[in-house]
Amino acid sequence: MFGNVRWEAVFALVFVCFVCFVVGLVLWIWMLWLLGLLGLVLIASDIAWTILSFLRAKRAGQSKLKF
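Per my numbering: the sequence shown = residues 145 to 211.
A portion of the hints provided could be inaccurate.
What follows is a set of in silico ranges between Cβ atoms, one per label pair, in the way DEER data are often shown [claimed, not checked]:
{"no.": "1", "residue 1": "Phe162", "residue 2": "Ser197", "range": "24 to 30 Å"}
{"no.": "2", "residue 1": "Ala204", "residue 2": "Ala156", "range": "22 to 28 Å"}
{"no.": "3", "residue 1": "Leu179", "residue 2": "Glu152", "range": "18 to 24 Å"}
{"no.": "4", "residue 1": "Ala201", "residue 2": "Val166", "range": "45 to 51 Å"}
{"no.": "5", "residue 1": "Ile173", "residue 2": "Arg200", "range": "25 to 31 Å"}
{"no.": "6", "residue 1": "Val163", "residue 2": "Asp190", "range": "17 to 23 Å"}
{"no.": "7", "residue 1": "Lys202", "residue 2": "Trp174", "range": "38 to 44 Å"}
{"no.": "8", "residue 1": "Ala204", "residue 2": "Val170", "range": "43 to 49 Å"}
{"no.": "9", "residue 1": "Ala192", "residue 2": "Glu152", "range": "41 to 47 Å"}
{"no.": "10", "residue 1": "Ala156", "residue 2": "Leu178", "range": "17 to 23 Å"}
By construction, these hints were calculated from the structure, which means they are not laboratory data.
Ideal Cβ positions, reconstructed from N, Cα and C, are used throughout, including at glycine.
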């Protein structure tokens, strides 16, 4: 499931969203702050959806990963 994920790209995207959020918050540029916050929320929801899908597949016996 996670074998083909480029973790460097994921961490870079999270870092860019976090920097946008912090810079927008410090300088009170609401569009930048909102863009960073929205990016962080979307990334977090995507990770949560992936984990929940994996757990659902594991419970149904369709997962090939062993944990």
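The hints, checked one at a time:
no. : hint                        : result
1   : Phe162 - Ser197: 24 to 30 Å : 25 Å, holds
2   : Ala204 - Ala156: 22 to 28 Å : 34 Å, violated
3   : Leu179 - Glu152: 18 to 24 Å : 22 Å, holds
4   : Ala201 - Val166: 45 to 51 Å : 36 Å, violated
5   : Ile173 - Arg200: 25 to 31 Å : 40 Å, violated
6   : Val163 - Asp190: 17 to 23 Å : 19 Å, holds
7   : Lys202 - Trp174: 38 to 44 Å : 42 Å, holds
8   : Ala204 - Val170: 43 to 49 Å : 46 Å, holds
9   : Ala192 - Glu152: 41 to 47 Å : 21 Å, violated
10  : Ala156 - Leu178: 17 to 23 Å : 20 Å, holds
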